[in-house]
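Participant: Chain by chain, the residues:
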Amino acid sequence: MLIMHVDDEPDIRELTRLSLEMMGGFDVVQFASGVEAVEAAASHRPDLVLLDVMMPELDGTETFRRLRALEAYRDIPIAFMTAKASVNDQKELLALGAITVIAKPFDPMTLPDIVRSLLNT
Amino acid sequence: MRKVLQRLGLGVWTALTYLGVVTGIAGVAVLEERAMRADLVASQTSDAQAYLDMLSEDLLSVLRRKFDTGRAIAGAVSLVPDINQDQFSRLGAVVLRGEPSVLNISTIRDLRIAHVHPIEENARILGTDLSTSPVRVASVARVRDTGIGELQGPIELFLGPMGFIVRQPVFVGSEVADPSDARGEFWGMVSLVFSADAVFREVGLFEPDKPYEVAIRLADRDATPIFGDPAVFGATEIQSDISIANAAWDIAVIPMDGWITRPPGLTTRRGTYLLIAIVAVLLTRYFLLLRAERARVSQQLRGAIDVLPGGFVVHDAEDRMVLCNDTYKEFYAKSAPAMVPGNTFEQMLRYGLEHGQFPEAVGREEDWLSERLSAHRSDESFVEQQLVDGRWLRIIERATPDGGRVGVRLDITEIKENALKLERFNAELQSALAARDEAEARFAELSDMSTEWFWEQDADLRFSYLSAGMERATGVDPSAILGRRRDEFARPDAGSTGPAGTTQILEALEAREEFHDLIYRALDVRQDEMWVRTSGRPFYNAEGTFMGYRGTAADVTPLYSALRDAQKADRAKTQFLNVISHELRTPLTVLLGFNRFLTRPHVLPAFKRLANAADVEGREDLSVALDGAMSEVENFARKMDDAGQQLLTLISDMLDLARIESNTVRIQAERVDVAPIVASVVEQFAPMATEKALALVHDVGEVAVYADAARFRQILNNLVNNAIKFTEAGQISIRSERVDDTVVVHVEDTGIGVAEDMQPLIFDRFHQAETGNTRNTSGVGLGLTIIREFVQLMDGEIWVESTLGQGSRFSFSLPAWSDDLGHEDLDDDIAAADRA
Chain S
1 MLIMHVDDEP
11 DIRELTRLSL
21 EMMGGFDVVQ
31 FASGVEAVEA
41 AASHRPDLVL
51 LDVMMPELDG
61 TETFRRLRAL
71 EAYRDIPIAF
81 MTAKASVNDQ
91 KELLALGAIT
101 VIAKPFDPMT
111 LPDIVRSLLN
121 T
Chain A
1 MRKVLQRLGL
11 GVWTALTYLG
21 VVTGIAGVAV
31 LEERAMRADL
41 VASQTSDAQA
51 YLDMLSEDLL
61 SVLRRKFDTG
71 RAIAGAVSLV
81 PDINQDQFSR
91 LGAVVLRGEP
101 SVLNISTIRD
111 LRIAHVHPIE
121 ENARILGTDL
131 STSPVRVASV
141 ARVRDTGIGE
151 LQGPIELFLG
161 PMGFIVRQPV
171 FVGSEVADPS
181 DARGEFWGMV
191 SLVFSADAVF
201 REVGLFEPDK
211 PYEVAIRLAD
221 RDATPIFGDP
231 AVFGATEIQS
241 DISIANAAWD
251 IAVIPMDGWI
261 TRPPGLTTRR
271 GTYLLIAIVA
281 VLLTRYFLLL
291 RAERARVSQQ
301 LRGAIDVLPG
311 GFVVHDAEDR
321 MVLCNDTYKE
331 FYAKSAPAMV
341 PGNTFEQMLR
351 YGLEHGQFPE
361 AVGREEDWLS
371 ERLSAHRSDE
381 SFVEQQLVDG
391 RWLRIIERAT
401 PDGGRVGVRL
411 DITEIKENAL
421 KLERFNAELQ
431 SALAARDEAE
441 ARFAELSDMS
451 TEWFWEQDAD
461 LRFSYLSAGM
471 ERATGVDPSA
481 ILGRRRDEFA
491 RPDAGSTGPA
501 GTTQILEALE
511 AREEFHDLIY
521 RALDVRQDEM
531 WVRTSGRPFY
541 NAEGTFMGYR
551 GTAADVTPLY
561 SALRDAQKAD
571 RAKTQFLNVI
581 SHELRTPLTV
591 LLGFNRFLTR
601 PHVLPAFKRL
611 ANAADVEGRE
621 DLSVALDGAM
631 SEVENFARKM
641 DDAGQQLLTL
651 ISDMLDLARI
661 ESNTVRIQAE
671 RVDVAPIVAS
681 VVEQFAPMAT
691 EKALALVHDV
701 GEVAVYADAA
711 RFRQILNNLV
721 NNAIKFTEAG
731 QISIRSERVD
741 DTVVVHVEDT
751 GIGVAEDMQP
761 LIFDRFHQAE
771 TGNTRNTSGV
781 GLGLTIIREF
791 VQLMDGEIWV
801 ESTLGQGSRF
811 SFSLPAWSDD
821 LGHEDLDDDI
831 AAADRA
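Quick note, the sequences are listed as chains S and A, same order.
One point on numbering: in my numbering, the residue at position 29 of the first sequence is 29, and numbering is uninterrupted.
One point on numbering: in my numbering, the residue at position 166 of the second sequence is 166, and numbering is uninterrupted.
Mixed in with the good hints, there may be bad ones.
[Stated by the list, open to error] Some chain S residues judged to face chain A by a derived CB distance under 8 Å, without partners named:
(1) D11
(2) L15
(3) A83
(4) K84
(5) N88
(6) P105
(7) F106
(8) P108
FYI, nobody ran anything at the bench for these hints, they're computed from the structure.
We treat Cβ as the ideally placed atom computed from N, Cα and C, and that holds for glycine.
I would like the entire structure built from these sequences, with the hints used as guidance.
Facilitator: Shown next as structure tokens:
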């Protein structure tokens, strides 16, 4: 199972990779920005995309739209991971069509379980 | 009979009255006629008697004269017994002068006629022997025997006609002429013959116009007629008799035309009586009609008096009651027994006083009585009087021309009450006017002083009035606004930065609705920016016609600028907090995330390798040391995790609070089933409770609330979290109950509790900020403040009951879900909250 993860924070990318690979046994491909992710999207075929929201240049929502605009990504589940924890923010994000919103800080011990459950749905 | 009367339109008594009148007049007429007849008879009888008396007298007089003449001749002869014929003739000529009725005189001696005068006509009877006439013989014999003269006749005279003869005896030798004394020697006798007719003529019996028919007869046995029709005697009562010497005559008279039996003018008189009867009947009829009319008028008057709306009473000159109507008795019900015709007014008043008729007189009866009587006796009086039942009467009394009194009682209770009402109303009006004046003065003063102002728009919505405060507050000349419409200087703002006051005001004016505290930007009235807060309401005249708007306004430019600045600052703060939150969360994510691995060091590759190496090399000591190291790392990591989580909560709370303050909290109310969320929260906190050996129990029924599920969970989380945090032993229980239209959720613990004086303060954010340092409430954070806001945003309440050292019970209520009830109101409220 390949998880695409996009976040501009290297520490969080590392933490996420640790969690998903070490704890969850997933394959992880990571990008430091939305631009990179969109550019490289065609060369990957992830089962799930985890998108940070607050990113420079291309923020999470715009990246979401651009990925969704790609034929190959039309049906791939995309989840946001954000520190914008307010209920309103989450609702807005869900309204875009995200499968879920994972609040930061997240528990790296339980993140693989969440991802697994998302993949099963 | 009765039917006949009915047909004539007469009553029995009326008919009897007419009959009585007619009978009475007829009776009088009959009596008078009878009296007239009696008078007539008496008058005729009297006249006839007078005539008879006169006639008798005359006849007697004539006959006496004849006797006297005979006696004179007899006297003369007795003086000259040897008188010869010549002497006798001379004597006769002297004596018979003036006696034309005497036919002759003669002397008789020895039944022979011895002398006669006048001789010429009677010479042939000289010597005639009377013995051939037995009547004469008898007469001569009686005269000779009695010596008394005698009248003989009527007798057929020798000379032919019927006549009377007076014989007078002649005695000689006696000095005395009266033969009864000493008659002397009978010489013979003297006869004086006179004609009956001549005598009757002399007394007028042959007068052609004599009024009476006369009959005369001898009063002898044969009733020999002498004169007239003997039948007269049978036809009259008027009779008399005369007698001279031996002769007695009966005389009867009868009016020539018989007795008049019919009084003169009888027909006229009868006619008069008939006329009188008719007049009397008419008068009776008039009288009866008059009486009937009077009775009718009296009845009418009585009826009218009885139906008068007021009481009516009449007293006579002696002040005795004559009559009164029922209303009068009704007014004075307690005095009614004394209201008897004949009782004086004073008696009635005294009776009333004794029976409590006059409440106003109580305690001063005599004075009252004297005042009342004085008014009553004046020529005209007006008195007001209250009755015992509370009613008021106006008494009007007047003297009548006959000295009596007429009194009228009018019920003026209503007038009196109206007057009292009017008085009260006047007082209220005066007081209201005073209040109004005061209010106006207050208004004027406040209006003068105020920097707010009052405005008025006319029906055309043009400004017609602005109080002085407007110019003072804004520096704008009122003439710049008066006469203009609001939309001329209050146009909807371009852009979205200002409040929507202008639009709302214009819409409200259009819809004739009230508006309150709307802020708009006034354009073109002042050089610099001007913001006005205003409220207004339409006003109408008495007929309900829209007359315009009135309202207040204030220049809020400085305030509004400040407000806008504050809002900007607020938004900036929220923005800042959002950013800070994000910026804090990112390192916290890293910190907590990696720390989570430290809480489970055995999963870390390095530790795994170390443990494997120790195992492989059989280094028990190393394994022990490794375990100790991992345990320490784990222990410290947990502490860091706790602190990190606390920091995270604080950050969340700060964000929530910032949103609440900037009114950007979004509530999406829907049906929320309480039990699943409670179960989920319990499950979430079970490890935490277990760790502290606390029982976490719940007992909620199948209840649902109308709320935002996320906020509901947040509230419950906060309360359960606090409860576990501040409870060292015992249990935490979650219960729900239905109270009216709400569901109340209780979170109860057996922890340290909250001091009573603190209970009202623990939901206060400032209190938390102030006391947070001095109390061991770390971890409480701003949670209670926030959840109170959420509860209130969802139309609920939150409160705490607690005893220090024994435990606390936090409770919050939310509207119960009902399929029957719409929840638009809450939606609206929440929507409004969202907008705000």
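Participant: All hints are to be evaluated individually against the structure, with a verdict given for each.
Facilitator: Now the hints, each set against the structure:
no., hint, result
1, D11, "holds (4 Å)"
2, L15, "holds (4 Å)"
3, A83, "holds (3 Å)"
4, K84, "holds (6 Å)"
5, N88, "holds (5 Å)"
6, P105, "holds (4 Å)"
7, F106, "holds (7 Å)"
8, P108, "holds (5 Å)"
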